[in-house]
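**Q** For reference, the chains in residue letters:
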Amino acid sequence: MNLIFDISREGRFAHAQAPDTTPATSDIPSHLLRQTKPRLPEVSELQVVRHFTRLSQKNFSIDTHFYPLGSCTMKYNPKGVHKLASLAGFAQRHPLAPEAASQGILQCLYDLQTMLAEITGMQAVSLAPMAGAQGEFAGVAMIRAYHEARGDFDRTEIIVPDAAHGTNPASAVMCNYQVKEIPTGADGDIDIEALKAALSEKTAGIMLTNPSTLGVFERRIAEVQKLVHDAGALLYYDGANFNAVLGKVRPGDMGFDVLHLNLHKTFATPHGGGGPGAGPVAVNDKLKAYLPLPLVEKTNTGYRWSTEKDLPESMGQLSAFAGNVGIHLRAYIYARMLGKQGMQRVSEMAVLNANYLQARLKDAGFVLAYPDRRATHEFIITVADQTKAHGVKAMDYAKRLLDYGMHAPTVYFPLLVPECLLIEPTETESKETLDAFVDAMIAIKQEVETDATLVKTAPHTMVVRRLDDVRAARLLDLVYVDASCQ
Amino acid sequence: MPFIPHTENDIQSMLEAMKLSSVDALFDEIPVSLMLKQALDVPNGMNEMSITRLMQERAKKDEGYACFIGAGAYDHHIPAAVWELASRGEFLTAYTPYQAEASQGGLQVLYEYQTMIASLTAMDVANASLYDGASALAESVLMAVRCNKKVKNNRVFFLGTLSPLYRKAVDTIIDPQGIELIEIPYSTTTGVVDVSVLAHLQEKDANALIIQQPNFFGCLEAVDELTDWAHHHNMLVVAAVNPTALALVTPPGEWGERGADIACGDGQPLGIPLASGGPSFGFLTCKMPLIRQMPGRVVGRTLDDEGKQGFTLTLQAREQHIRRAKAKSNICTNQGLLVVAAAIYMSLLGTEGLRRVALACHNNTRRLVEKLKTIGSVSLQFTSPFFHEFVLALPVPVKPLIDQAAESGLLIGYDLKPFIADDEHWLLVAVTETKTEEDLDRFVAFFKAHLQGSSASKEQQTSAEAAK
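Protein sequences appear in the order of chains C and W.
If you're matching positions, the first sequence starts at 1 in this note's numbering and goes up one per residue.
If you're matching positions, the second sequence starts at 1001 in this note's numbering and goes up one per residue.
No wet-lab data here; the hints were simulated from the structure.
Ideal Cβ positions, reconstructed from N, Cα and C, are used throughout, including at glycine.
Don't take every hint at face value.
List time: in silico BS3-like cross-link candidates among lysine-lysine, alpha-carbon distance up to 25 angstroms [to be verified]:
hint, chain 1, residue 1, chain 2, residue 2
1, C, LYS431, W, LYS1019
2, W, LYS1287, C, LYS298
3, C, LYS83, W, LYS1061
4, C, LYS180, C, LYS286
5, W, LYS1060, C, LYS298
6, C, LYS83, W, LYS1149
7, C, LYS445, C, LYS388
8, C, LYS445, C, LYS393
9, W, LYS1060, C, LYS309
10, W, LYS1399, C, LYS37
11, C, LYS445, C, LYS362
12, W, LYS1326, C, LYS180
13, C, LYS202, W, LYS1326
14, C, LYS340, C, LYS83
The following residues of chain W were derived to be distant from chain C, with all beta-carbon distances above 10 angstroms [stated by the list, open to error]:
hint, residue
15, LYS1149
16, HIS1232
17, LYS1417
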């Protein structure tokens, strides 16, 4: 399909969108003025509408396809939520509008803080981090502040299990910690002996995802918690998989000191093709003083922002304003719609769907990574047996699933299971959709056995065939350069 | 009211397929002692009709103000087509394009966006976005320190006219890595850094110089001289810029002899609603040789197995999901949806439209300044040329005026007291293309009514002196 630059014609523009500026004047001295024209598209409004509508049609999305991307919680994003969050009073509010002119949004944010504290079993919440990774950064920075406030400057290590998301070690490094990786046991739980060996007076904390990215609940969490705390370190909870336990068990009750939630996962805010997200942090009393700013406070006369004056030991601001408020608002609306009973129902049906899918794939002859474990909201299969027998890899399955009209699960993550697919159906999918996915997997498995090339060369029905990633990285083409302009 | 399709029959047949008697059995690996014994203490669920009523009530409380606040977020007109298109489910509910073949639409938009923002900043390449302008600046600083091999310390210079809101976020993000920010003072007469002070700096050894253009006060810095000075002293130049302004003022890629090395900023003016400041997106562009130190997602054009053009995420070897602890940054998501909106906005406006928006903003600003001159008791604080924002010096403290104005539906600007020299008479005012002659007159009328009788007071002159 053409680039928008290909249909661009000099002198054309969407007249209805350009303000009238006759006479065009400017008092800015000429040496500060732009001398070259930026090369933005020169197109009509209809051309823009048609171009971007057609581009949208080249995307798989939750609204159009089953999207069982493991560890990403691609559940339905309610239309009503998006519409209400776009109401003029919310969408047009300037971030620095006076508090008296902001009571509507402040109340929503305060209520969300309160709900998230209850849902996680923690004492205080800051909505500030703009994504899960920024929540991790904030959490680890708070762990550092906690130790340093106690005069303990010798803790230089953060422990991370090998199954963790890549953001965990990367966030620890951004906080200037050394990362100590520990292995996972054959049963999917943390290797307790390895944990004991890794813990020392140098340990600042441990970052855990529970349920883990292996799709199983960490059964010895109470023991892990005691070992870590006895060593003087703190526990960080990565809330990436919180959808599996919403309303069932709370990180605060498991003994975690700090956590982040991914509102774009558990609380159904749209993923937007890779963002925006939001990664609020919740803490217990040990870390309350260090929360990132701003927070919303309730007073006798209404709601207000709290600032450095209220929280002098805060780790600081993470954005120019208050983070991704529009996402907080969507999560709040969704949480209010779910309510008390709905929350529990979410995790129950998410876990039911995952276990059902796991059981059916097992019956169909697929190899489970952890066959003796209950799945949580997601689970892992490995096609290593088929790689050995037929040379078909997990990526080939992923690409062939696209031909069957399903987005692929997450592949090659977690890193410790070879040729793996991490499958997360979410609670918003019907039994019929799950059965259709199983049918597709069975069909592909038959193709592997009879015509492996068909699978290895998939996809066959997308707008492009498999793309050359090596070429993309070697012959970097990141911006369009019009030959006629060179 | 969860969004769940399961009928009782579905649940029963799914449990039977697993030979289980109840849903509870699915949670039997969680230690009983940890399980919640009762439902969460949150309100009961609501259907769409009830939540609509509640949210409409709350939204109404914050609605209907004429906004003259800027300070990094600007009230621009957003063409209807922008969010009609960006809100299509195929953009809204897709995720990071890990499966490129099923994400060609989103990927092509990102590639087109990268081209547009690189062209607007006159830089070589762009990433697919970061969270916001402030965090993009923090990432730019970290990137500059990684890139500068000639300087061995951890120092970075910034102009005192950098947004204090950005400065705070940058501090938070770079502090753990031991990077020190050193301020170059500005003139309280001109509102910009006087290039002659550079010669008198005790220490000239640093990794980078951060220049914001227009600066926090809306004033235009002498970017050419500043850039050449920094390059002469082996520093990289990090530009923080407003994308609307770039339709009118010199883009960072053309500053001085060699241009800035890294340019970043907040994309909010490009079709993103104010929405309390987020979500917006941060853009980051750089010179080609620095590309491998750039954080965040990048989209490249390549060929498929049959030689057909297509798009894919590239240079992933820099990123956390591959490199883990050795990644350039922990960033995972970008702000994909906002970039879709910005790409549509830039396409609709085009070169001529964006230039007209910038001119209209600036002309309105100048008109307001002219009108304000008819009130004897207010004056412009600074003498430098400005773009679409200025600091007004008032004869009375700003804060009570802001509150009074809000009561009459007018947001007159931003009180600089918490940040700047502790002077309580400075008001930062922004004017965009959305303001009509009536809006400007209303603004002026408010000041006339509330400043009647007061002239530039002695108190104010004294504090302005002290600030110098």
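**Q** So which of those numbered hints doesn't the model satisfy?
**A** Numbers 2, 6, 9 and 10 - these are the hints that the structure violates, sorted from lowest upward.
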